[in-house]
Structure formats: C-alpha cells, structure tokens
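If you count by this note's numbering, then the sequence shown holds residues 1026 to 1149, one letter each, in order.
Everything labelled a hint here was simulated from the structure, so no lab data went into it.
For clarity, every value in this text was computed on a predicted model and none was experimentally measured.
Certain hints may be false.
Claimed, not checked - Below are the DSS-like pairs computed for lysine-lysine, each with C-alpha atoms no more than 30 Å apart in a straight line:
(1) Lys1074 - Lys1027
(2) Lys1144 - Lys1099
(3) Lys1144 - Lys1073
(4) Lys1099 - Lys1123
(5) Lys1097 - Lys1027
(6) Lys1073 - Lys1099
(7) Lys1028 - Lys1097
(8) Lys1097 - Lys1073
(9) Lys1123 - Lys1144
(10) Lys1123 - Lys1028
(11) Lys1097 - Lys1123
(12) Lys1099 - Lys1074
(13) Lys1027 - Lys1099
(14) Lys1074 - Lys1123
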Amino acid sequence: MKKYFLISGGLLCVMFGSIGLFLPGLPTTPFLLLAAACFANSSPRLHKKLLENRFFGGIIRDWEEHRTVPRKAKIIGLLTLFLGGCYSFVAIEYFPLKITVLLLLLIPATILLRLPETKGCVNK
C-alpha cells in the first residue's frame, strides 16, 4: 500500500512540476525533488527515468548526490520570484495585500539564496 501511495504522490508531483514550467508562481524544482524522493522509496524504474530526464535530471542528481543546486537554477528561480512579485505589486490595488505578497516572496527567495551552489559542471 505504501509503495502505491508513494508512486501516486510522485506522479502527482511530476505533474505539478511540469505545469510549473509554464505557469509562473508554481514552483517546478521542489515538486520534482519530492517526486524523486517518492520514486526512490517506491519505484527504482521511475526514479531512474526522472534522473535521466534531459531537462531536470541533472538538477535532481546534483541535489541527491551533493545537496546543491546549479547557480543558473537559483538565478532563474530568483528572477521568476522577482517578476511575479513585480506583477503582483502592479496588479493588486489593496496596499496591505501588496506588502503581504512581497513579504511572502521573501521566504522562497531566502531559501533559494541559502542553498549551496554546485561547484563546476557536476550536473552534466
């Protein structure tokens, strides 16, 4: 039962992570890392497929082996947060809500900035 729960959770995380590639505000990397953890504990075949993915396999491998993320991924994440924050600041009219959104964006920005970076080309 646990195996099927983890496989289902992993597939759901891959789905959300894939949607996050195209939908600003929905993070991709955390969902894919969670999917990798689910598959590592339930389905070696699905875990291997995720690690062999040409788009995000390297980032997942870096995280699993070294607990690091590439600088490029950090920059893209921070830019996405910044652009989403700018859009929200302009689109929202109620000032206290603007401040709330900006404060909430500080949490993922702080987490991203604190993550250790990959040294060299580990993810290739």
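Hint by hint, where does the structure go against what was stated? Just the numbers, ascending. The structure breaks hints 5, 7, 9, 10, 13 and 14; every other hint is satisfied.
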